[in-house]
Amino acid sequence: MLNDIPSAAQATYWSIPGPVLFSVIAIVGLACFAYIVAKRLTPLIRGERDIRFDRPLLRLERLFKYWLGQWKHPRYRTAGTIHILIFAGFLILAFQAFSLLILGISGDAVLSRFSETAGHLYGPIKDYAATVVFLCMVIAATRRIVFRPARYAVPAKFGKGHKADAIFLLALIATLMASEGLIEASKASLQAQQGGQPVELLAVLSLPWMMKNALFSASSSTLWNLYRGAYLVDVLTFYFLLCYRPFGIQFHVETSLFNVYFAKLDRGTVKPVKWGLDAAQLDQVKSVGVKTFEDFTWKHMLDFYSCADCGRCSDQCPANAVGRPLSPRFITTKARDYSFQHYPVLGASGNGKPLIGGIYSEDEIWSCTTCGACEEECPLLIEYIDKIVDLRRGMVDDGNVPKSLQKPLKALESRGNPYGKMEKKRAEWTKSADFQKTCNVPILDGTKSADTLYFVDSITSYDDRMQSIGRATAKILDHVGANFGILGAAEKDSGHEVRRFGEETLFMALRDDNVEAIKASGVQRIVTADPHAYNALKHDYKDVPPVEHISQFIAREVKTGKIKFNPVEDADKVYAYHDPCYLGRHNQVYDDPREVLDAIPGLKRVEMSRSRDRAFCCGGGGLMLFYEPKEDQRIGVLRAKMAAEAGANVIVTACPFCMVNMEDAIKVAGLEGKLTAIDLTELVDKQLVRESPNGVVAGEQITETRQEPSSV
Amino acid sequence: MEILVCVRRVPDTAENEIELNRAGNDIERDDLVYSINEADNYAVEEALQIVAKAGGNVTVVTVGGDDDEEVLRREMAMGANQGVLIKDEAFNGSDGKGIATILKAFVQKGKYDLVLTGVQAEDGGAQVGGMLASLLDYPFASLVNSIEVLDGKKLKISREIAGGNKEMNEIDLPCVLSIQTGINEPRYVGMRGIRQVASLDIPTFGASDLGVAASSVGDAAAKVKRSDYFVPAMGKGAEMLQGSREENIENLIGLLKAKGGLK
Chain A
-15 MLNDIPSAAQ ATYWSIPGPV LFSVIAIVGL ACFAYIVAKR LTPLIRGERD IRFDRPLLRL
45 ERLFKYWLGQ WKHPRYRTAG TIHILIFAGF LILAFQAFSL LILGISGDAV LSRFSETAGH
105 LYGPIKDYAA TVVFLCMVIA ATRRIVFRPA RYAVPAKFGK GHKADAIFLL ALIATLMASE
165 GLIEASKASL QAQQGGQPVE LLAVLSLPWM MKNALFSASS STLWNLYRGA YLVDVLTFYF
225 LLCYRPFGIQ FHVETSLFNV YFAKLDRGTV KPVKWGLDAA QLDQVKSVGV KTFEDFTWKH
285 MLDFYSCADC GRCSDQCPAN AVGRPLSPRF ITTKARDYSF QHYPVLGASG NGKPLIGGIY
345 SEDEIWSCTT CGACEEECPL LIEYIDKIVD LRRGMVDDGN VPKSLQKPLK ALESRGNPYG
405 KMEKKRAEWT KSADFQKTCN VPILDGTKSA DTLYFVDSIT SYDDRMQSIG RATAKILDHV
465 GANFGILGAA EKDSGHEVRR FGEETLFMAL RDDNVEAIKA SGVQRIVTAD PHAYNALKHD
525 YKDVPPVEHI SQFIAREVKT GKIKFNPVED ADKVYAYHDP CYLGRHNQVY DDPREVLDAI
585 PGLKRVEMSR SRDRAFCCGG GGLMLFYEPK EDQRIGVLRA KMAAEAGANV IVTACPFCMV
645 NMEDAIKVAG LEGKLTAIDL TELVDKQLVR ESPNGVVAGE QITETRQEPS SV
Chain B
-10 MEILVCVRRV PDTAENEIEL NRAGNDIERD DLVYSINEAD NYAVEEALQI VAKAGGNVTV
50 VTVGGDDDEE VLRREMAMGA NQGVLIKDEA FNGSDGKGIA TILKAFVQKG KYDLVLTGVQ
110 AEDGGAQVGG MLASLLDYPF ASLVNSIEVL DGKKLKISRE IAGGNKEMNE IDLPCVLSIQ
170 TGINEPRYVG MRGIRQVASL DIPTFGASDL GVAASSVGDA AAKVKRSDYF VPAMGKGAEM
230 LQGSREENIE NLIGLLKAKG GLK
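Going down the list, the protein sequences come from chains A and B. Sequence positions in the first sequence follow our numbering and run -15 to 696. Sequence positions in the second sequence follow our numbering and run -10 to 252.
Just chain A, with the same shape it has in the complex (with noise of 0.2 Å):
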């Protein structure tokens, strides 16, 4: 009924037939799109394997929250939610541009042909919904040219700016949104004059609707050429706007849906050096890492095609913030310009250029601290530290290695921990004469034995600062009665950064050594107080007893009753909480620590503007604070004024590595006297009610209480 009056498969252009043209148009329109996506998966097929079509429910279950339910998107208001807008706006926009293609080679409104009612509903529907998009693209283009918000800005020595090419996308799909619109108005203008006809309804204010009222007084003529005009305009942008996506940021409308589904699913773990090959056989591989472009597996290449450049990734970086030469952003837009460049849609595809050297500096990959915060934010799930592992992995199997880096990994070999110090000494900091007598620390060596391991790892166990933490960590598990033990000189260091500062090998050597000797302490269970250490046992390492963190296990003894707290002594003092990334943003853990400071009677805490999981990293961890950053700040510095600026006094902690960044922070930034640091343990530790009522201390009692499975 709608198609009462003329179609634009009744048009003809220049003598030739509507549907002849149209039909030219499509298939041409087709062949170029499907041969430039062909070109752009070359690459692809030649990249490295990586494994990525498991549990395709939990995949599901994810692509309907973060792409379609665009989930990370309100994390930046203003912008995620005309992102949202539009993103909705083109779901139902979909089934309008398809229809009308076909309209102009069949003539027939395909909604129609299923159900009139369906037609009418969807009519208003579409309406509106090209009337928020073109809204939406006018605010858009207003962004850039007027508010230009800092993340979009492109430094020079990253590239050119995109904003002309953001504009003329904007231009391109509100072209798209008005042709649309006109289409609907001129036609529903001529159903009204030609009279005796249902006229289709126009949702009020919507842009066909605006439109219709302007034509009111315009000719049959006019309104049939208007039409005519502007289908053919709608049919010619639309296929430009199919072929233009794949040569810039706009092709993440159609990668988005395979990359958020293909996304990595296992927050905390580091990619193996190549998929499918067992670690064994490492030793007999050519080259590891990624060197060149084609060493990138092919989903980290899909990430390169499907980065929207919104920047988010960058504004949340640590590094990018203190001026170090990383912004994860350009990691992302210097691979996709590499690839479009060396796997152009014209021409010989080339490979095998040195990334390092070439679109990226050594002090780049070096500068990142693992933090996650970048991935955090990414509303297409790109990854980053799987990618800068796999940089620092080739680059470490060609020896380019800086030198404040070579000492550490070398001690690491020789002595299992980065300073270089014994390990008959690993264990001295439970010899200190005042913490002897107040409690007792086993070494699991074969002659004593325990149900927990305490593990300690290199920086608690020797540096003189961060002992404080390992004896607090002790005397709370003692304090509770838990059975507990350390490994003393058969413990290693965890590898945890060695592994993401790529040290494959000598990583798989530390785990190795270290699982032998969990294993032989007979333990069943795991607590430490250092997250990077619960992050490697908990991720890297495999058949290992479950494990905790020490703020974990303190929240479940608060629960129990076991540990109680004597009120803060100054309740002037007001508290902040740093989030350690490896043990919020990597592992989830923002609540238990906030619990057991919350349990303690008295204390006022405050959260900083940057927390949980926008939390700002300390600086960075491990072998992390043995390099030296090109940097116009210290990363610390800035946390430490965010925990001034969010009113605290004491920042807390609960990893040895923030203890250290914030503590150089604090003297750094000058906020001495005004802000201190202290570690969970430590707090704890000092605030523990000793007296312990009723004599419940006896091991076997404990030992039941403990039975609970732990929360790993």
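Honestly, the hints are just simulated from the structure, not real lab data. Predicted model, so just to flag it, every value in this text is computed and none were measured. Heads up, a few of these hints could be off.
As the list claims (entries may be wrong) - Chain A stretches covered by chain B per the calculated footprint, using a threshold of three residues with CB under 8 Å from any CB of chain B: (1) 61 to 67; (2) 376 to 390; (3) 393 to 402.
Note that the Cβ used here is the ideal one computed from N, Cα and C, for glycine as well.
Once you have looked at the hints, place chain B on chain A.
Just chain B now, with coordinates in the frame of chain A:
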């Protein structure tokens, strides 16, 4: 260019707590970790860089025991084409001249255009390079901190002079150079690299293979013998400048100039 680099395995000063043994004539060696002598590592890196530009092979050689294979493999993982272990009971207790005598015999068995040593061993006395050159009747330059290959027959080298100055020299090949640390940035040797060369064959040469008379080397021939070993008592710490501010400034500038910190 065929390059021979003479290397040595030493206790790693960064990763050991050096203590005297009970007898007081050596350090306690039970719990030591060893590594390549740092200056030797720079020499190997320099050799690799020369070969990368000019072509050729790098051979690393050490005089020692089976344990010393470890450093040869590390340097092979770095890129040296071959490692050679020179080992013989008769070599035990050799002094600097003894080691130079052994190395001389080895150099003469091959055909090397360039012989490099580290500027000194961390537990040695910077003797071997010069003596080796002398025994071979080769030209010698010490404290070399840059090398440029001029043509097939000559090198342009610079030597470090006290106060941070540099002296440029031309030297004829074949020659012996002792390499100063800092001449380059040695590449990192990863554990994977070491494992990859773990099964490569390392040829061993003894006294008879080299035609070295047992009487010219080893304990018997050594004319320099260690008689004692001690850790000096800690001296006083920082020197405190006394006087008015102007005097202190003047003194400080004078001291800095004397030590080469100011020009």
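Now for the hints, and whether the structure bears them out:
For the stretch 61 to 67 of chain A, the assignment as covered by chain B is violated, since 0 residues bring a beta-carbon within under 8 Å of that chain's beta-carbons and 3 are needed. For the stretch 376 to 390 of chain A, the assignment as covered by chain B holds, since 9 residues bring a beta-carbon within under 8 Å of that chain's beta-carbons and 3 suffice. Counting residues of the stretch 393 to 402 of chain A whose C-beta sits closer than 8 Å to any C-beta of chain B gives 6, which meets the bar of three, so the coverage hint holds.
Violated hint: 1 only; the structure is consistent with all others.
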